[in-house]
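2 protein chains.
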Amino acid sequence: MRDANRLGNAMKLHAYGRSSASFRVRIALNLKGLSYETVSHDLTRDEQRDSHYLSVNPQGLLPALEDDGAVLTQSLAIIEYIDAKKPEPPLLPREQLARARVRALAQLIAADTHPLVTKRVAQRLRDDCGQDEQAVQRWRLHWLHLSFRAFETHLATSAEDGRFCHGGSPTIADIALVPQAVVAEQLGLSLNAYPLISRIVEGCLQLPAFQDAHPDNLGRGEA
Amino acid sequence: MRDANRLGNAMKLHAYGRSSASFRVRIALNLKGLSYETVSHDLTRDEQRDSHYLSVNPQGLLPALEDDGAVLTQSLAIIEYIDAKKPEPPLLPREQLARARVRALAQLIAADTHPLVTKRVAQRLRDDCGQDEQAVQRWRLHWLHLSFRAFETHLATSAEDGRFCHGGSPTIADIALVPQAVVAEQLGLSLNAYPLISRIVEGCLQLPAFQDAHPDNLGRGEA
Numbered sequence: 421m422r423d424a425n426r427l428g429n430a431m432k433l434h435a436y437g438r439s440s441a442s443f444r445v446r447i448a449l450n451l452k453g454l455s456y457e458t459v460s461h462d463l464t465r466d467e468q469r470d471s472h473y474l475s476v477n478p479q480g481l482l483p484a485l486e487d488d489g490a491v492l493t494q495s496l497a498i499i500e501y502i503d504a505k506k507p508e509p510p511l512l513p514r515e516q517l518a519r520a521r522v523r524a525l526a527q528l529i530a531a532d533t534h535p536l537v538t539k540r541v542a543q544r545l546r547d548d549c550g551q552d553e554q555a556v557q558r559w560r561l562h563w564l565h566l567s568f569r570a571f572e573t574h575l576a577t578s579a580e581d582g583r584f585c586h587g588g589s590p591t592i593a594d595i596a597l598v599p600q601a602v603v604a605e606q607l608g609l610s611l612n613a614y615p616l617i618s619r620i621v622e623g624c625l626q627l628p629a630f631q632d633a634h635p636d637n638l639g640r641g642e643a
Numbered sequence: 421m422r423d424a425n426r427l428g429n430a431m432k433l434h435a436y437g438r439s440s441a442s443f444r445v446r447i448a449l450n451l452k453g454l455s456y457e458t459v460s461h462d463l464t465r466d467e468q469r470d471s472h473y474l475s476v477n478p479q480g481l482l483p484a485l486e487d488d489g490a491v492l493t494q495s496l497a498i499i500e501y502i503d504a505k506k507p508e509p510p511l512l513p514r515e516q517l518a519r520a521r522v523r524a525l526a527q528l529i530a531a532d533t534h535p536l537v538t539k540r541v542a543q544r545l546r547d548d549c550g551q552d553e554q555a556v557q558r559w560r561l562h563w564l565h566l567s568f569r570a571f572e573t574h575l576a577t578s579a580e581d582g583r584f585c586h587g588g589s590p591t592i593a594d595i596a597l598v599p600q601a602v603v604a605e606q607l608g609l610s611l612n613a614y615p616l617i618s619r620i621v622e623g624c625l626q627l628p629a630f631q632d633a634h635p636d637n638l639g640r641g642e643a
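Here the protein sequences line up with chains A and B, keeping their order.
Residues in the first sequence are numbered consecutively from 421, following this note's numbering.
Residues in the second sequence are numbered consecutively from 421, following this note's numbering.
Next comes chain A alone, as it looks inside the complex (with noise of 0.2 Å):
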């Protein structure tokens, strides 16, 4: 664990560069220009399990976000929090349909997709089903398919979409895809079968709040 430079009453995230919940709570803090101090926690050595961070988040997972003297967890939650704090730019639309579906969609990746393919889940997979790498790999593949699948049904069905999976401006459902595609090109899988997925996250990806964000533009603090 390493602590960033201290700032008064800087918002805290803990948080790690290629923790794909990092990355959406850092695109939100961004995109409403708020500052913050990072914390990381390097994942690969099991550092979100040390006593201290469990002291912070007793679930042991990242992010977390220390403001006003209160712990959040649950990067969702955490975004929201965000939105609510500084309304502008909104993360959300106004009208109510409109919410659930970009809150819909964002939970379609956060609830369905995600914990599925965690760190934690293929070290299971490994050590307690006895699986190899090419079955883990197959496994993240699978749920990733089928997410991206459900998704870019869901853009090409929806008259909301534009420049972003929600009209000309990014919310918390572009927040929530891009880290998740990030990591699925990681694994292999290529976006060229999902079209409308590919054109939003290209177009996230040229706007400094989501590349400032990327676990390969990081700071040494950050990372």
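No lab work stands behind these hints, which were simulated from the structure alone.
There's no promise every hint is true.
[Unchecked claim] DSS-like mimics (lysine-lysine), calculated; alpha carbons at most 25 Å apart, straight line:
{"no.": "1", "chain 1": "A", "residue 1": "K505", "chain 2": "B", "residue 2": "K505"}
{"no.": "2", "chain 1": "A", "residue 1": "K506", "chain 2": "B", "residue 2": "K505"}
{"no.": "3", "chain 1": "B", "residue 1": "K506", "chain 2": "A", "residue 2": "K505"}
{"no.": "4", "chain 1": "B", "residue 1": "K452", "chain 2": "B", "residue 2": "K505"}
{"no.": "5", "chain 1": "B", "residue 1": "K539", "chain 2": "A", "residue 2": "K539"}
{"no.": "6", "chain 1": "A", "residue 1": "K505", "chain 2": "A", "residue 2": "K432"}
{"no.": "7", "chain 1": "A", "residue 1": "K539", "chain 2": "A", "residue 2": "K432"}
Because the structure is a prediction, the values reported are computed rather than measured.
Since the structure of chain A is provided, determine the placement of chain B on it from the hints.
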């Protein structure tokens, strides 16, 4: 698939009795006193993958809610929509840090627990990973214990829990917790090790809104 009695503009809930994400939405609708029509899709017969239902929800997962000409998916997104549509009684506290806490508890279940113990995951473990029933059971109990331990610690380290996960009235945290606890007990997990969870679940199940949503208590058309 079976259509219940049709009501004019009533909301239509695509659900299955023993789907715990459907259970969540039923609780929310009951707490709000909203009437709805149920379209039941039998998960044990894979009816959620019928082409008709796939045209409603391309992900082929339950639940989905039809309202106002739109189809909403993802239980927590649906519940936030219901909460906005009929604000009383509120399913989230007003204050932003409290909202984040309640959403995080709900997501601890909906994102980090439930997706790992679903029927589709058990099927994959059997069919593609060659796991026997004992190994599938071990897998489920592993993730359930891990999450319940974290949930219990969240409750124990907060001043906010009361009769319910957050204060004196049910929120989305209780709505997510109760169906998962019911599933866990069906799988043979005893809640004795989690006294705060146990007390809250017991208290919730004394309320008609939770009782009436319980898979054991559904009428024929809803089960």
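Discussion item. Hint by hint, where does the structure go against what was stated? Just the numbers, ascending.
Written reply: Violated: none.
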